[in-house]
Structures are given as C-alpha cells and as structure tokens.
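The opening residue of the sequence shown carries number 1 in the working numbering; numbering runs sequentially from there.
Among these hints, one or two may not hold up.
To be verified - Beta-carbon label-pair distances, calculated as ranges:
(1) Val21 with Glu138: 25 to 35 Å
(2) Leu184 with Asn164: 17 to 27 Å
(3) Glu124 with Glu18: 16 to 26 Å
(4) Gly174 with Thr73: 16 to 26 Å
(5) Ala65 with Asn110: 18 to 28 Å
(6) Asp163 with Thr183: 13 to 23 Å
(7) Gly5 with Asn137: 22 to 32 Å
(8) Gly5 with Gly101: 33 to 43 Å
Stated by the list, open to error - Result set (DSS-like, lysine-lysine): computed pairs, CA atoms no more than 30 Å apart in a straight line:
(9) Lys118 with Lys68
(10) Lys96 with Lys118
(11) Lys96 with Lys68
Derived by calculation from the structure, the hints in this document are not laboratory data.
Beta carbons are placed, not taken as given, at the ideal position from N, Cα and C, and that holds for glycine.
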Amino acid sequence: MLSNGLDVTVNKPAEGQEVRVDATVTDPAGNESTANDTAHLDTTAPAVGVEITTDANNDGQISDAELKGGEITAHVTLGEGTAAGDTLVVTDQSGKEIFNGLVTDEMLSNGLDVTVTKPAEGQEVRVDATVTDPAGNESTANDTAHLDTTAPAVGVEITTDADNDEFISKDELGDGEIKAHVTLGA
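Using the sequences provided together with the hints, build the complete structure.
In structure tokens form, the structure reads like this:
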C-alpha cells in the first residue's frame, strides 16, 4: 500500500456540491498526519442560443428588404447553467471569430449582439456560438440563412398589341381576347 497508494470510491454529491476526501495516517508511535482534497461536481453544460436577427421572419432567407442597412446581425442568448466567467466563442460561416471572451453579467441579462461577415449573394450565413464553463462542459448552438437579395427577373409583353404601339386596335383585338406573354428570368 505504501508504494502504490490506495484507491477509494466516495459517494457522489449532488450537482454543484463539493466532494471532500480526508485521509489520516497514524504510525505505531501515535504520530498522526492528515491530508485532504476537494472538488465541485459540475457536469451540467451551460446553455446558449443563436438567432440571425437580420432574417426577421426567420424563414432561412435574408431578402433585400431585410438586409436594409447592409449589415447582417445575430443575437446570442445565454441560458440556464451559464455564469459570468464562462467562455463564449462566436464564429461566422468562414470560421472567423466574431467574439471570443468571458461571459459578463450584462451578457447574461441581455445576450450579445454581433455583426456577421456578409457572404456572397446566394451563399449561406452561419453563426455558431459555443459556451464553455470552467469545468470544461460546453454547449453549442447555431443559426443559418441564405443571402438572397436579388429580385427575380420578369418580363411582360401584351401580344395582342402586335405593333407594340401601346394601343390595341380593333384589328389587333381580333377574337376579342387580350393576350399577354410573361417570361421569367433565371
């Protein structure tokens, strides 16, 4: 036992509680020595959420009307189990860190607003947030949307106006029906 130590199993405390192990050794002469070690049981991951706020109707598409100011923004929320001092990392679709720092009381109350790098037209916007507590428990959330700010092309031609003079004559009206041809672009 002296050369290899002694392994013992102790009762697991409730989540967040302290576990303490005390050891006392006494030699034949009655001399006593003690030691102890403590740790807190923390197996609960903090909570995090992400919403791309520019995608106002949350349909997974960022339209020209939603992009208004040209910036894409997201809101990160920190929920139950998250505490000031936990580490928060927020990245965009390219893996670029938008935020990397410690959670503050302000963030716990109001979340964190971030500006996201705008991708090329038709590409995906992605925001990932990971919060990690000092025990190493982590939680991740993300939100995605596609940037679609180009209106579809459409063309209309009133084919009954054969000479395209913006008047439909009696001869052009023929059978009495006004016809048009609609084309859609790519």
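So, going through the hints one by one against the coordinates:
The hinted range of 25 to 35 Å is satisfied by Val21 and Glu138, whose Cβ atoms lie roughly 27 Å apart. Range check, Leu184 to Asn164: Cβ separation about 21 Å, and the 17 to 27 Å hint holds. The given range of 16 to 26 Å is broken by Glu124 and Glu18, whose C-beta atoms sit roughly 45 Å from each other. As the Cβ distance of Gly174 to Thr73 is approximately 56 Å, the hint placing it in 16 to 26 Å is violated.
At about 27 Å, the CB distance of Ala65 to Asn110 agrees with the hint of 18 to 28 Å. Range check, Asp163 to Thr183: about 20 Å between beta-carbon atoms, so the 13 to 23 Å window is met. At about 29 Å, the CB distance of Gly5 to Asn137 agrees with the hint of 22 to 32 Å. In this structure the hint that Gly5 and Gly101 lie 33 to 43 Å apart at CB holds, the actual value being about 41 Å.
Note on Lys118 and Lys68: the hinted pairing holds, with a Cα-Cα distance of about 13 Å set against a maximum of 30 Å. The straight-line distance between the Cα atoms of Lys96 and Lys118 is roughly 12 Å, inside the 30 Å bound, and the hint therefore holds. For the given pair, Lys96 sits about 24 Å from Lys68 by alpha-carbon distance, which is consistent with the 30 Å threshold.
The structure is inconsistent with the numbered hints 3, 4, although it conforms to all the rest.
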